[in-house]
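Can you build the whole structure from these sequences, using the hints too?
Those protein sequences? They're chains Z and Y, same order as listed.
Per the UniProt record's numbering, residue 1 is the first one in the first sequence, and the count goes up by one each step.
Per the UniProt record's numbering, residue 1 is the first one in the second sequence, and the count goes up by one each step.
If you are wondering where the hints come from, they were derived from the structure by calculation, not from laboratory data.
Hints are supplied without guarantee of correctness; some may be wrong.
No distinction is drawn between identical chains; accordingly, a pair holds when it is met within one copy or between any pair of copies.
[As the list claims (entries may be wrong)] Within a straight-line C-alpha distance of at most 27 Å, the following computed DSSO-like cross-link-like pairs (lysine-lysine) qualify: (1) Lys25 to Lys79; (2) Lys148 to Lys79; (3) Lys143 to Lys98; (4) Lys79 to Lys98.
There are 2 protein chains.
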Amino acid sequence: MSEELQVTLREAIPDDAAALIEVMKQLAEETDFLIMDQPALEMTLEMMALNLAALYESPNNCLFIAFVNGKIVGLASIKASDDYRVAHIGEVGISLLKDYWGFGLGSLLMEELILWAEEGQLLRRLELTVQVRNQRAIHLYEKMGFEKEATIARGARSEDGAFLDVYLMRLFIN
Amino acid sequence: MSEELQVTLREAIPDDAAALIEVMKQLAEETDFLIMDQPALEMTLEMMALNLAALYESPNNCLFIAFVNGKIVGLASIKASDDYRVAHIGEVGISLLKDYWGFGLGSLLMEELILWAEEGQLLRRLELTVQVRNQRAIHLYEKMGFEKEATIARGARSEDGAFLDVYLMRLFIN
Numbered sequence: 001m002s003e004e005l006q007v008t009l010r011e012a013i014p015d016d017a018a019a020l021i022e023v024m025k026q027l028a029e030e031t032d033f034l035i036m037d038q039p040a041l042e043m044t045l046e047m048m049a050l051n052l053a054a055l056y057e058s059p060n061n062c063l064f065i066a067f068v069n070g071k072i073v074g075l076a077s078i079k080a081s082d083d084y085r086v087a088h089i090g091e092v093g094i095s096l097l098k099d100y101w102g103f104g105l106g107s108l109l110m111e112e113l114i115l116w117a118e119e120g121q122l123l124r125r126l127e128l129t130v131q132v133r134n135q136r137a138i139h140l141y142e143k144m145g146f147e148k149e150a151t152i153a154r155g156a157r158s159e160d161g162a163f164l165d166v167y168l169m170r171l172f173i174n
Numbered sequence: 001m002s003e004e005l006q007v008t009l010r011e012a013i014p015d016d017a018a019a020l021i022e023v024m025k026q027l028a029e030e031t032d033f034l035i036m037d038q039p040a041l042e043m044t045l046e047m048m049a050l051n052l053a054a055l056y057e058s059p060n061n062c063l064f065i066a067f068v069n070g071k072i073v074g075l076a077s078i079k080a081s082d083d084y085r086v087a088h089i090g091e092v093g094i095s096l097l098k099d100y101w102g103f104g105l106g107s108l109l110m111e112e113l114i115l116w117a118e119e120g121q122l123l124r125r126l127e128l129t130v131q132v133r134n135q136r137a138i139h140l141y142e143k144m145g146f147e148k149e150a151t152i153a154r155g156a157r158s159e160d161g162a163f164l165d166v167y168l169m170r171l172f173i174n
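Set out below in structure tokens:
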């Protein structure tokens, strides 16, 4: 990163479609996290723009972009269902380009998501899963107020095929 | 039900599309369960047929139909991700028309799903969530070998807005 660092966080809009398709491809290679149900690779520009418009309007789904000196370096999202019975539950995801790990951007994005959820008043529980071995991420989530709720056996699999435990973590929004 | 009862279980195929759209609408009104990510109400016949073809070919997703005397009365599904890291985790859902509750069809469908998962060799963990107050369903799942893994606070919401605990239940496939 350059010495002068300008960080901007804002919600994604349809005009971001082309840049997001590019960065999602890179993030898919580098990290475990899928921001949208469908891989960005399979999405046309029009589909992505429509998805972004729907996300922007949604009361319980959102997508935030982190820019560093004008370049997209990370994404943060909350996904929730339309179904009333579970519409108060938001699944949190944060994904940063590897070159930008360790600078506090994950914490900034998480704070933004929590604020967004608190302002919206519809979400009442945020949740995420994280591999038990991913201590750095767990520490960040706990710092932000998340609690471990359960250990899920076989919740993930490593590249060599070994089963991994994952924590289910939650944060109540009141 | 008539006195003579003929029960058939089989995997759904694209030709079932029209009948499935109808029954999914009815199930959506009667039960909590969404078989597909998208509500059947919003799906065209062509979309449904394409979805069914993809399900039929998938190694870790399936949709079974229960017929009683030739009429569709229930559905059972396993949903899993393409992502290698979690492709061994299948989310189970069973949905029966209310008139057909209490005749053991839920157990039959669950047995079929477990057999299908065991034969496929890709799925290694089946999971589901169920409201803690839904003792009948919990009993059925335990009879089939599922274990309670965690209690998820605010995991659902009742019609009057009260938060409900849900159990996360799991069954290992070995």
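Against the structure, the hints come out as follows:
| no. | hint | in the structure |
| --- | --- | --- |
| 1 | Lys25 to Lys79 | both (19 Å within a copy, 24 Å between copies) |
| 2 | Lys148 to Lys79 | both (19 Å within a copy, 25 Å between copies) |
| 3 | Lys143 to Lys98 | within (21 Å within a copy, 46 Å between copies) |
| 4 | Lys79 to Lys98 | within (23 Å within a copy, 31 Å between copies) |
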